[in-house]
Structures are given as C-alpha cells and as structure tokens.
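Under my numbering, the first residue of the sequence shown carries the number 33, and numbering increases by one thereafter.
Rather than coming from a laboratory, the hints here were simulated on the basis of the structure. Quick caveat, the model's predicted, so the values are computed rather than measured. It is possible that some hints are incorrect.
Result set (SDA-like, lysine to any residue): computed pairs, CA atoms no more than 20 Å apart in a straight line [stated by the list, open to error]: (1) Lys962 / Gly709; (2) Lys742 / His230; (3) Lys323 / His230; (4) Lys890 / Met938; (5) Lys1083 / Glu1009; (6) Lys662 / His230.
Here are the simulated distance ranges between beta carbons [stated by the list, open to error]: (7) Pro475 / Arg439: 18 to 24 Å; (8) Gly474 / Arg445: 45 to 51 Å; (9) Glu1068 / Arg275: 34 to 40 Å; (10) Arg944 / Pro475: 57 to 63 Å; (11) Arg452 / Ser664: 49 to 55 Å; (12) Phe478 / Lys455: 55 to 61 Å; (13) Gly1018 / Asp610: 52 to 58 Å.
The C-beta atom is built at its ideal place from N, Cα and C for all residues, glycine as well.
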Amino acid sequence: MTVEQNVLQQHSQKHQQTLLNQLREVTGTTDVQLLQEALQASNGDLAEAVAFLTEKNAKVPQQDEADYYQTAQITNDRYISVGSQADTNVIDLTGEDKDDLQRAIALSLEESNRAFRETGITDEEQAISRVLEASIAENKASLKRTHTEVWSDSPNPYDRKRQDNCPVGLKNVGNTCWFSAVIQSLFNLLEFQRLVLHYSPPARMQDLPRNQKEHRNLPFMQELRRLFSLLVGSKRKYVDPSRAVEILKDAFKSSESQQQDVSEFTHKLLDWLEDAFQIKAEEDREGEKPKNPMVELFYGRFLAVGVLEGKKFENTEMFGQYPLQVNGFKDLHECLEAAMIEGEIESLHSAENSAKSGQEHWFTELPPVLTFELSRFEFNQALGRPEKIHNKLEFPSMLYMDRYMDRNRDITRIKREEIRRLKEHLTVLQQRLERYLSYGSGPKRFPLADVLQYAMEFASSKPVCTSPVEDIDTTAPPGGMTAQLPPPASAGDQPDASVSPEGSSSGLQAQQQQRVSIHKPFTQSRVPPDLPMHPAPRNITDEELRVLEGCLHRWRSEVENDTRDLQASISRIHRTIDLMYSDKSMMQVPYRLHAVLVHEGQANAGHYWAYIYDPHHRQWMKYNDISVTKSSWEELVRDSFGGYRNASAYCLMYIDDKKPFLIEEEFDKETGQMLSGLDKLPPDLKEYVEGDNKLFEREMEEWDALQARKLQQEKLALAAAAASVAAQPMSTEPCPPDNTAPQHDPEYMEQQSPTGDSKHLQEDTQRAISKAAAELDEKSPEALLNTAMMTPNMQGIIMAIGKSRSVYDKCGPEAAFFKAMKVEYTRLLRFAQEDTPPERDYRLQHVIVYFIHNQAHKKILERTLLMQFADRNLGFDERCKSIMKVARAKLELIKPDEVNMEEYEMWHQDYRNFRETTVFLLIGLELFLKKSYVEALMYLIYAYQYNKELLMKGPYRGHDEDLIAHYRRECLLKLNEHAAALFETGEETDVNAGLSIMNELVVACIPLLLVDEMEEKDMVAVEDMRNRWCSYLGQEMEPNLQEKLTDFLPKLLDCSTEIKSFHEPPKLPAYSTLELCERYGRVMTSLTLSRTPADGR
C-alpha cells in the first residue's frame, strides 16, 4: 500500500470514528456494534441512522442477543470501546413528538456535517477549542488581578523560586488543571520525556505545512518541547503553559467555554503526538516500515474470541487507553474480569454446538505504558444530566496481568471456573452464617448465641413473688429523691480563727438549708436498692433451673462452635480466592503503578490533580497545579479509591516493571555520570531555558533593588524623626528612681507599676489605699474584694494575708508570709480541681491555675506566686508591706540554677498566647451572635489556628477545639448561603458581591478546613458548600452568569491545601482581666449548642 493510500485509509477510519461519536452523543447509545450497524444500514447518513435506532428501540424493547454480540470488523481504530455493557442509556424517541425531535436532530446533524465539510474540524475538536478559549480568556483576566487574590502570582519572586531540585509545577491558566495532571504524568515517564525533548522537526517544516494536521501538530510539538525543558531546568517554582494552550486555541475556533473532559484530551494529545512522530518517522525511514515511538509506547493489541449462535470467531484489535466500568465492582481485577468477558462464556471453550453467544478478550501484546480509563460518569435519563459515580474502587500498586494474557488462556479459564465454584459455595456459607448472626422472625434480629445467653440470665435471676407494679410506694417523692443535709465539715475545712464565729455559724446554717441533694440524671442512678436490676421468673424449681441451664449452655456452645466453623470456612475460601493467581507462573507480567489522575467534584465541573511515583526517591508526589508536594500511599488511597468524598481516580497509568528504560535516568556516554538539569537538554532547549532563567534572575534583582530602596527610605524617615525629637527642649526635672521593683511583672497579671506616673500622683494613690485599709481594718480582708481597682490576683493575695493575720501578730511577718502563701496556693489548687463550665474558666483569672492544669514545674509555680506577693501595690498598710518585703527577699535568695528562666518565660509567654487566643475567640463569637459573619470569620479563623498551636503542647493549653471548629465552620456555611442567595438574584451588583465573598473569604479559608483530614465535619461542610454551587450547573441561567460560574467553580473545587496568601490577623483591643472574664462568661452563656463541650479539661 502506498503512503497516499495509507493516508486516505486513516482519514476514512477517523471520519467513521467521528460519525460514531456524533451518533453516540445524539442517541446516548454506547454499544459500538449497534452504532456501526445503524451506520451501515443508513450508508453513512446520520439522520437515517438516528431513525434506524429509534425504530429499532420502539419495536424491540430488549436488544436482540445476536445483534449485541455481533463483533466489529477488523479495524485499526485505536479507541474502540472495549467491554461495552448492555445498552441501557438509549434515549426514548418514541413519544408523540417523535417526528419533531427527529427533524431537530437531523437539522443538528446536517449543520454539524456542513461545518465538518467546510472546516475539517470535528465536534470533538470544537469541544477542546471551547476549553482552550476559556483558558486563554482566564489567563488574560488573571493579568488584571491584584496580588491580594489567593490564586494570583506573588509579587515577591522569591516566593516563586524553585527550591533545590524540587519538581516544577504548572500554573492553572483557567480550567486547565486537567492539562497539568496529564502533562505531569507523561513528563515523569523519563522515556517519554526524552522522546519529546530530543524530537527534531522534519526538514520540510520550514516550508508551508501541507495540511491542517501539520499546521496544528508540529507547532504544538515544538511548544511542548519548550514546556518540558522548563520543567527540567527552570529556576521557577512553577511555569506558565499558556503558549502551548495558545497554539491549541489557534487550531480551533470557538467562542464557548466548558471544562474539558480529560479522557478526550488525553486521546487527542496522544493522537497529535503520534501524528507528529509519524511525520518524522516517514521522513527518516530508509526503505523500512516506519516505527512510531508513540504507538510502541502506549498501544497494545488484544484478541477478541467469540461465539455467535455456535459459530466461533477471532479478531485482533488495537487499543490505547483501556476503558473500564466502575459501577458494581470493588477492585480493579473485578473491573478487568468484567471487561474481558461478555455473555455466556461456557460455549467459548465447549465442544458442544451451543446456541449461546459470548466473547472474551485476551491480550496478545501489552504496551510498556498501560493506561486504564475508569468510567465514573453516567447519564441520568430521569434528570437529563450526567452524574458522577462515587463508589469505592481499590487498585494495587503492583498489577500482574498474566491472567489476562492470551498465552495463559487455558489455565485462566480453569482458575475462573474454580473461583466461580468457590464463590457459589461462599454464598451458601454466608447465608447460613447470617441466620446465626441475625436470628428471629421480626424486624429486630439478634445473634442466636446472645439470645440463648439472655434466656440463661433470665432463668438464673433471683425469683420474685410479686408483680412488678405492686411494690411501688406511690407516696414517695418522684424518683425516690429525699432532701438530705450534707455531712458536717471536717476540721481541715474550718475557717481561719480571724473570721468571726457568729458569721461562720450563720453562714453554715444558711448553706445547710440551701444544700439539697440534686439529682444528676447521667451520673446518679435512681433505681431503688430493693428492686431487682433485671426481670426474673415468678416461680422456678431447682430441678427446672438445672435442666434449663444445662440445655441453654449446651445449645449456646453448639451455636458458637457452628458460628466459628462457618467463619473459618468463609475465611479459608476468601484466602483461597485471593491466592488463586499467586503462583509464580501467574506473576510473570508485572506492571507497577506510575501515576493516578484524580478528579474531585461533580460530572459537570471539578478539579484534577495527579499522584506520581518517584522511583529514585521511592516517594509518591502530589502534582496539584503549581503545588508539588511529597505524599504517601495512604493519602493516595484516601483521595483515589473513592467512596470517602467526591474525589476519586479516573485514570490509572501502569508501566511494565520489566522495562526499566521507561524510568531510567540518562547517563553521559563519555563520563558515565548521570545527566541532570540543563545537561539533559539539547543545545536549542538549553539556550531557551537559560534565557528564561536569566529573566527570572533579573526579576529577583529588581525586587532586591526595590526592597533596598524602601529600606533606605525607612531609615531616612526614622533619622528625620529622631532629629525632630532631639531638637525639642528636654525636661530638667529628674524622674524619681524606682528601687522597689527588682523585676517587671508580666503584662497579663495587670499589676502595673506606676513608674510612669508623677511622684504626687503616686503618693496620692498610696494615701487613698492606706485610708481605705484603715477604715476597714477591723473587718475581714474579704471586704476589700468590693474595691473596683483589685484584680483577681490581688484579691486572692489580700485574702490570704488577711487569713494570716493571727500568725502575723504572734510570730511575725515571715511566718505570716508562709501562711499566706499556703492559703493562696490551696485556694488556687481548689479552683484548678473544680470541673467548671466554660463560662467560668478560672484559667483566665489566675495564671497559676493555668500552670497547674498543664503540670508546670513546681519551681515555676513558686516563683510566679512569689512575684505576686512581691507586688508594689501591697504597700498600702504595714502588714501587707512587711509580707511584700519578705517575698522580695525570698526572690533575691533564688539562685540562677534553681529556676530555669528561659522555661519560666516560655510558660508565661504561653499564657499570654492563651489570653490572646481567648480574645480572638471572644470577639469572633460576639460578632457571630450578632450575625456579623464577615467580620467574625477572621477572628474565628485565627482563634482556631492559635488554639491548635497551643493544644499541640498539651490538652489543657487552649480552649475546646470542637467548639471553635463548630463556629468557624458555621460561619463559613452562613457566608456560603448568603453568597449563593446573592448569586441567585441574577442582579449584576449582587452577583459580584456574592462571588467576592466566596473568592476573598470562603475559597481562601477552605484549605484551612481541608488541611486536617481527620475532621470529618469540616470535610462534610466543604462538600456541602461545593455541592450548593455545583447544583447550578444543571439550571438555565443568563450567559453572563454561566460564564462567571464557570470561572469561579475551579477555584472552589481546588483540593489544594496550600495557603497561598491570607489576611493579616485583626488588631485586638486591650481588656482587663475582670472585663475579659465577664464578657467571655456572657458570650459562652449565650451559645446554644446541642452539645456541651468540655472546655479544654
């Protein structure tokens, strides 16, 4: 056959495939044999083919078995639908409006044919054109975005600088995450990478292209080489593929946009690459048949062995991506088994002339790169739109293909028959086991062994002689609750002698009158002690009990033995089936998993990324557009198997494990050293990458110069300000020295030193305090608690000093100091041991309570308490001043090696962080309760992040994580609902406002929810938000709204957990301890949660 004849034949085959695709799209029929039959009957007229299928389905509701199993003629079509299922998706055209619908279809097909005849562009190519137009438009729009948007480039080039030899990412230039996933998977096939990089265009490329194919494919091949070279040697963290997309856009003309189906793109990409290499192969051949490396790398052959009404047939066919159905199968082998066998297979290897029909597929030649296309989308006829299948499908990291090879046909058939027999036996055993585990005839069923155990417990219970309703005292209070006084206080609980006995006695009586036993429904039983815990028989003799117990015990043992035997048999059968193909003879064709392409979202929109294995570092890598991160098999399983959320694998790429050249690095022929970086590139590409790297280096130099100028300007401004201050006249009045405070107290203790006040103000303050103390000298120190200027710490210290008054009078200030220290520590320890509700958190009032909760070292507690007793504000009377001096003397006696000051400062810094986190949470919850969700979000976001950092050091370092996560999640859901409501109005202003809320707040915060995979409620909330917006895809709306939605959805569906940029934390106001505790208690009381979380304890 001549070259011209070969080209004509290929064109005819592709035209036939185009007609098949058009007919499949119009009718919904997926059966290739039926479609070909319709085209043959109509002599290639699509309108008549549609009418043929319509009449056939109207007359014959169930497809004829002979037609279904009719095998296609031998063809070179590489994209044949393998393992197609029964035709269940044929659109019903038999209604009353059948003629009108057929005319509309005919007009549509006529228009499609006319466009193809005039332009030579197929509908499939036009679909790709639509997504390319959207990509270019999105890329141009992105140039106008400001750097505050989370998906835009950082203005700092160092944020975009490649780290060491980390893989380079690809920028999503608009609905092109599918492009990134496919290209990165192919690029990391080193043999494919070498083929692309070392591809040299044909010599005649300098002339005008002879046809549209050359005009499209050769420039694309050149741009792909440049893109690959940047992925090899660029100094950028990620590169922009816009030029490759631009070339593709120029090849097809369309103004519409949609998210391109990735399987179609992969088909077309390999087709274009094959054409480009075919042109080169035909030019380089020297009398031999040209070899196309793309065909040798990605295409294999299988043998279709069939029986039709007793007549056997065999056909050899070529395949590229092998399609597999997902629905109804649990793992990859089950999918393959179903795809390899269709119909009744007994007749395929039976000597009898059976009338049954069926066919099997057996691989005769597997490609080095074996790609499985998982069909996870199906058309819902009732809803009139496609839907995604989220079922779980497992696949192995090492796949042995021996059982599907033609050379193992006989042994595989034997093993399949044995597995079928074992599964039948397994079904019987499982049914028998179910009868033991779910015993009974009613709606509620129980394990039979438990039923017998319950009967034995009933019979063995102590007999009762009365009715269960006769012995209840109806005069007793409900629940048997009686008012009881608490036991008298122990000696250790007696108040200090300084408290007046009259006040103590009257207070105790009042407490005893008020303390009535309160029933706690979840911690206290109401069952009276004289009632049996379980029902019991009225009368039973010892003989009856002995016989009954013997029978029940024997029966229960028999049931348990039977259950164990059934479970063991089922386990043995499962193990036998699992090991059926584990012998060495069936493990000679190993294929290792190279890449998994993942889709998250719904059928009409979603986000794509890829997991790719790095064999040299033995590490899975996640390629998510610009983000390339280390991953693991566990993460891959969670995101790829499906069933967990809307993410699942749609394409699996396996490579022949016995062909290491696929992933082997290239070595220098002279030195024998491995080539890396720019050394891997041919001269023209090396020059291209070096030029791009110089541009990036210049960008970094310009950035450095800009930052240096800004720094210099700041220094000049500071110098000018300093000069202005120096020019002002200085005060000659000396500042009074402060020798009373050896150290600064932590800010959060709020025991501020009045060093900044004037001397007169300080003296006036001390005189006022002394006067107040003198007036209340005869009263207990508790009376000072009403003084507004006292902080909780000061209140506790004054109370302790008051309780040590008698010791002070008898033994002096040092003994009183130790007594007061003990009293105050005992009080704080009691606070720490109380189980308080969230609205009364003693940690906010007392730093030592926080330290006790988190098991701080004893030395840290002692020094902190000493610092409180050494506070200068205690100098308002002689007794307090004396104890303060003792405390300061003790502080001076502490040696440097006794207390680790770094650890001391670290504990106090943690407490400051705890208070700051509390303020974030407090303001966020107050704003949430006021329904100010936009303002509340940032406070709740930072409250969660800072609280999480605290909880990493200990479970009591922060607040209840579930509580903060709940309101953070609720705030995002409220904003999502509000934004969706604005979008639904259709008004330009409201729509823009809604999308602005989503882009600036919700989308920016979603990675924070996704980063913690263990928080199931956050994952569900993200899915709810995404599903809300995806639900608009099937609705009719204005074109401008559709365009905005198409632009927005990829950002919402992006599964990346990388936080590219974020808002600065809001500025916090200063709260006193009393104000903070009061507001925190008020807001916590106002919360109406269905649960009561324990606040960190």
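Those earlier numbered hints the structure runs against, lowest number first:
1, 2, 6, 7, 11, 12
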